[in-house]
Every structure is written in structure tokens, then in C-alpha cells.
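Trainee: Here's the letter readout for the chains.
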Amino acid sequence: MTKQEQHTSTKRYGMVIDLDRCTGCGACMVACYAENNVPFSKDESDKMLTLNWIRVFKVDNGKPFPDTEICYIPKPCMQCDGEHMDGHSPCVSVCPAVATDYDHLTGIVSQIYTRCFGCRYCMAACPYHARKFNWWDPVWPAEMEKYLNPDVSVRMRGVVEKCSFCYHRYQKARNKAYLEGRDEVYEDEYQPACVEACPTKAITFGDLLNPEHQVYKLSKSRKAFRLLEKLNTNPKVYYMTSKKWVRRKTDNYIENESPGETRNSSKTQKASH
Amino acid sequence: MTTPAIPEGVKRCSTGKFALGLAVAGAVLLWGVYAMFLVWYKGLNQTGMDNAYGFALWIWADLAIIAFGGGAFFSGFLTYIIGRKELKSIINYAVIIGVICYSSALLILGLDVGQPLRGWFIFWHANVHSMLTEVAFCLSLYLGVLVIEFIPVVLENPKLDRFRFIHHFSHNMHEVMAVFAATGVFLSFFHQGSLGGVAGVLYGRPFSFREGLLIWPWTFFLFTWSAAAVGPCVTVLITWLTEKIAGKKLVKQEIFRMLGKISGWMLLTYMIAKIADTWYWAAVTAPSKGFALMDFYTNNPIYGIWILIAELVVCGLVPALILISRKGRENNFLLAGAMILAVIGIGINRWVMILQVMAAPLLPFQDWYMYMPTWQEIATTILPIAYGTILIMLAYRYLPIFPQEKELNPGS
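In order, the protein sequences belong to chains A and B. Under my numbering, the first sequence is numbered contiguously, ending at residue 276. Under my numbering, the second sequence is numbered contiguously, ending at residue 401.
No lab work stands behind these hints, which were simulated from the structure alone. Where is the CB? At the ideal position from N, CA and C, for every residue including glycine. Worth double-checking, as some hints may not be accurate.
Each computed DSS-like pair below joins lysine-lysine, with the alpha-carbon atoms no more than 25 Å apart [claimed, not checked]:
hint : chain 1 : residue 1 : chain 2 : residue 2
1    : A       : K246      : A       : K226
2    : A       : K45       : A       : K66
3    : A       : K50       : B       : K31
4    : A       : K223      : A       : K78
5    : A       : K45       : B       : K31
6    : B       : K31       : B       : K250
A few chain A residues facing chain B, derived, Cβ under 7 Å [to be verified]:
hint : residue
7    : C25
8    : W138
9    : V157
10   : R160
11   : N255
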């Protein structure tokens, strides 16, 4: 362990997305593309073959006009803590070459592009489809290459990529804190691009273990929940809504079961960090 | 006088006929090689896979082909470990089929990765928690064992066997083959199992996830057992096919019946375990994740409940019951039919454990994902069949594979 790490207390970075505030504008997606050098393909209409680290889904309550209601669900990588909150996220435990790793200091699941050999087992393991494969070599229009972010490596054909919670921003913030003689990174010093870009401030980001961070309080709200909680993947991305029908759309329920009574026991599990 | 290349005392077709056969299989092989080149050169965008379908036809082919090649390890186990010496009449062929299956599986794995030149990372940066790591290690090692088992058969070619050293070398290799057979059984247990584990450990995928024993999900044991059950069926069916094409008997009928009986009991016990596993999954595991059984078999154009019935009943219990009954085994039509059904059943099992897993939606606002393979995927999946046909043609022509051939065909 390096000297620097010894001085760093363990974090569990996560986000809370208020679905009642999201307008589905897609600014988070655009910001993510620009920040993380996510390439686009000739045909962006086929979302099963294109790359996006955060994707906004549109869902409705299934009722005809005038009772129709719409909700937009932005879906980045859930940065799962794993079944036993030990970092064995669905994707991390299956990668045969340790090309994806769980950082116990931040709780962020990383992807090492130069290590990945493209077996796609992680994609098969991820229930959120957060992982995307580079089906083609990345190509940007002429001149646009000058606008690539130098802090984020571009990925080659044949490897898997995914949201990193803009980990390079965390590295920058940590370096700054270190140079200023601080152990702690301030809440506003490390914010992913999607969070900053959201015009309605629907996304809140921070340390889920730090009571002074907004996400700590929001994640404990009665309105907070996570996608597919019953799978015990323990995501660090929380959602909030006051609409019952939206809650029903975010997990699976057997007959006569309702979202309220299935709040996962893992929610109350103590973080092991 | 020059030594003939064809083993003594057996008759083979003319060189022209043989060359024609090779040309037909070779044409199919070239088609597959061309598709393989396209995939390696242009990447996996040549396939029908997408971000939802990370695993598709090739992984199914891998799982199926390894189960079908299970005849090699199980026949080796019965011959050398259990001591069923009568199986020596078919063990050479089982080994050759095993070599074809396992080398094909590795070739397909080499195709199915986005960065093939980094394939060695799986050994160098091995993640001990990953079932795929276990698959890669055991598969490669077992292919090595199969090649070792195949070498003495190759060395028995008359042109090679006339050399004193080679003759004694192959003889001595035969003598120690029990050691390699035991190693093969050990390795096979783990790689057949870990292929089952590949889908079984996916706790984010309720369709395939299974609880289990220690680190191994139940699918680990079910895959090993089912490969042992169906492997000998594949060996028998390919031997039969060879007999039909060659127009002569190569192995005594009792051997087929004996293997049919063993396969039948293996299949029956497997089916009991599989049905218990399915019941527990449907009644306990899937509901705990919010899914009812029929959620996995409705609202899509392909995967209806028929596939479960086909796997468990039509291609599971029915062939098992035929194979364990004496009357069933003594009727060649029933024996072959039951074996074909059993092979289809395990093929369906491997299909659903990969492709239906990818197809089933998890979030309620998502639909089923459907997949259609491209011609490149189909051609490269057929490639192993062409390659296997060529290897079998060469082996049958130039190697003494079937020790009973002379006895069964005295006039030829």
C-alpha cells in the first residue's frame, strides 16, 4: 500500500437520480460522450450496437391519453458492490483476465481497456446492460479529434467499456487535495460530467458513507430505491420517485407482490469497508 | 518393396473417390476459413451479436461441442479406470472425436474474442474467481492430454510403425495410457463443470443463476453429468455414420448397446437431478428474484414452454427410458433414435443456458432481445464439422482405428 493510500479513508461513491426531476433532455448523455471520448458510429439509431456510458430510457404507465404519464430513467453503470458487499460485482467476479476491477477505496468498478481481450463475459453477467462493446474502431470526424479529452484514453475495437463515474476527475481531485495537504476530497471537487451537465439537478453525487454528503441523506430517503434490487447486486446508483407506477417499472414482482414489501434486505446491510 | 500407407488387412476406397470426398469437405472448410478471416480482419461487427447478446451462437457451439466430445473422457474412464476392456474397440475413435471437438472449441473461442492476440491474457492475468479461467486452463490442458492419447494411434500408421523406435514408443505409450485417461477424467470433470458454472454463477441473470455447493452452482455438476451421458451417444452415432459411409461393420453391435445402456442410466440419473434443479429454480430461486416460471417462456416469438418440455421430456426422459430398456437397445431404430434425441436434448440445454439467458429481459421496461446469426457465424460454426470430417477421413484411411474391423469384415 502506498503512503498516499494509507492516508485515504474508504469511500463509497454513488449517485442518487431524482426521476421526478429528470426531463429526459439527454444533456447527461451528451456530456458523457464529450468527457469520456465515447465514439459514435455511422448509424446511431441502433442502440444495441452503439456506445453510451449513460443512456436515458423513456417509460410510460401504460395508460391511454389523457391518463398517460411518462418517466425518464437515466441509466449509467450501477457500480455494484456485489452480493455480499465485498466487491464481487456481477462483472468483476467473472472477468477471466482481471480487466475489470473493484476499487475498495472508492467502490468504483474500473475497466482496464488494454487488459480486456473482449470475451464479453462481463456483458453477459451485467443485468443492467451497462457494458458496451466496441464493435468498430473508434472514428471521429476530422478536426474533432482535437477536442478529445486528454485525461481519458480512447478505446480500441474489440474491448468492453463502461461508465467509470469519471474516475479521472477523482484522480485530479485527489491530486489537488494531496498537494494542498488534505486527506479528504471535498464533495464539490469530484463530480462526474453527467451530474454537472444536468440542467434540473436531478443527479446528486458523492460519498454514500459520508453523512455530510447530500447523497448520504438522499439515499436513505423513503423515496429512494435501486434498479433490480432483488438481484442482490447492491448498486451504488439510487433513484428517487414519488410515483408508485415508476417503482413497479424498476424491479420484477411476482403476483400479489408490491414494491413496498420487497424493499431488499441488502439495503440495510452494513457496508463492509 | 514400399510399405503401404493403408493399414494391413483392410480395404479402403480408391484414391480418386477419397480425393473427391476431401474436395467436398475442403470446399466447406474453405468457406469457413474465409468467414474466419473476415471475422479476424474486420472484427466482431461481422456477427449478429450486439450489446445485449454478448454470448451467442459461438458460445453455444463451444458448450455443445465440448459436451459432445465428452465421449472421449468418459470412454477413457470406462476403459482404463473401470476396466471395461471391450471398449478398446471404440476408444481410438472416441479419442479422435474428442481431439476434433476440443480443438474446434478452442478455435471458436479464438474467434469469439474481440482482441484475439490478447487471448493469452486469460492465462497470464488469470482471475481465479472466473469460471472462464477454469474453462481455459482445463480445456487447453485436456486438449494436450487428448493429443497425447492420439499420438500412439497416429504412430501405428504402417509407414511410421516400421521404424523400430516409433513402434516401441507407441507401444509403451499405450501401456501408460491409463495415467493420461485418469488425468483426462480429472480435467474433464472441471472444464465440463466450469462450462456449466459459466451460466450458473451469473447471479444477475435469474434465468441461469443456480445455487449450489460451495463455490460451484448446481449447473457445474449437471453439465459434467450430462456430458458423460451424451458423449458416448455422439461417439456411437459418428461410428454408425462412418459404418454407413464405409459400407462395413467396424465395431461389434454389443459395444453400441453397452454404451447405450451406460448412457441411458447416466441420462436418467441426470434427468432426475435436472428436473429437481428446474423445480427448485422455478419454485424458489426465480421467485426470490421477482420472476415466475412463465415470465421466462412468454411474450416472445421463440422461447415458449415447449422448449422446456422438449429438453426435459421429449429429448430427456424419453431417450433415457428407451436406452435403459433391453428391448429399446436391441432395436437399432430405437437405439439410434434415442441417442439422437439425447444429443438434441443436451444441445437444447446448452442453447437455453446461453441464448435464452441473453434473450430474457430483466428490467420490466425492456423487451425480449432477439438474435439472428450472420452467415459468417454460421460458416465458422460449420467449419469444425468440415475439419472433423477431413480428420476422420484421413484417420480412417491411414490409421488402424478399429481393432475389430478385420474380424468383422473377413472378406474385404
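Trainee: State for each hint whether it applies.
Mentor: Here's how the hints hold up against the structure:
The suggested pairing of K246 of chain A with K226 of chain A holds, with an alpha-carbon distance near 9 Å, which does not exceed 25 Å. The hinted pair formed by K45 of chain A and K66 of chain A fails the criterion: a straight-line CA distance of about 36 Å is larger than 25 Å. Proximity of K50 of chain A to K31 of chain B is assessed by CA-CA distance (about 20 Å); at most 25 Å being required, the pair is judged to hold. Of the supplied pair hints, the one linking K223 of chain A and K78 of chain A holds, its CA atoms being roughly 20 Å apart against a limit of 25 Å.
A C-alpha spacing of about 16 Å is found between K45 of chain A and K31 of chain B, which places the hinted pair at or below 25 Å, so the restraint holds. For the proposed pair K31 of chain B and K250 of chain B, the alpha carbon gap of about 48 Å is over 25 Å, so the pair is violated. Nearest Cβ of chain B to the Cβ of C25 of chain A: about 14 Å, over the 7 Å cut. The hint is violated. Residue-level restraint check for W138 of chain A holds (minimum Cβ-Cβ distance to chain B is 4 Å; threshold 7 Å).
Hint status for V157 of chain A: violated, given a least beta-carbon distance of 15 Å to chain B, over 7 Å. Taken as an interface hint, R160 of chain A checks out: its beta carbon lies about 5 Å from the nearest beta carbon of chain B, inside 7 Å. Because the beta carbon of N255 of chain A sits about 3 Å from the nearest beta carbon in chain B, less than 7 Å, this interface hint is met.
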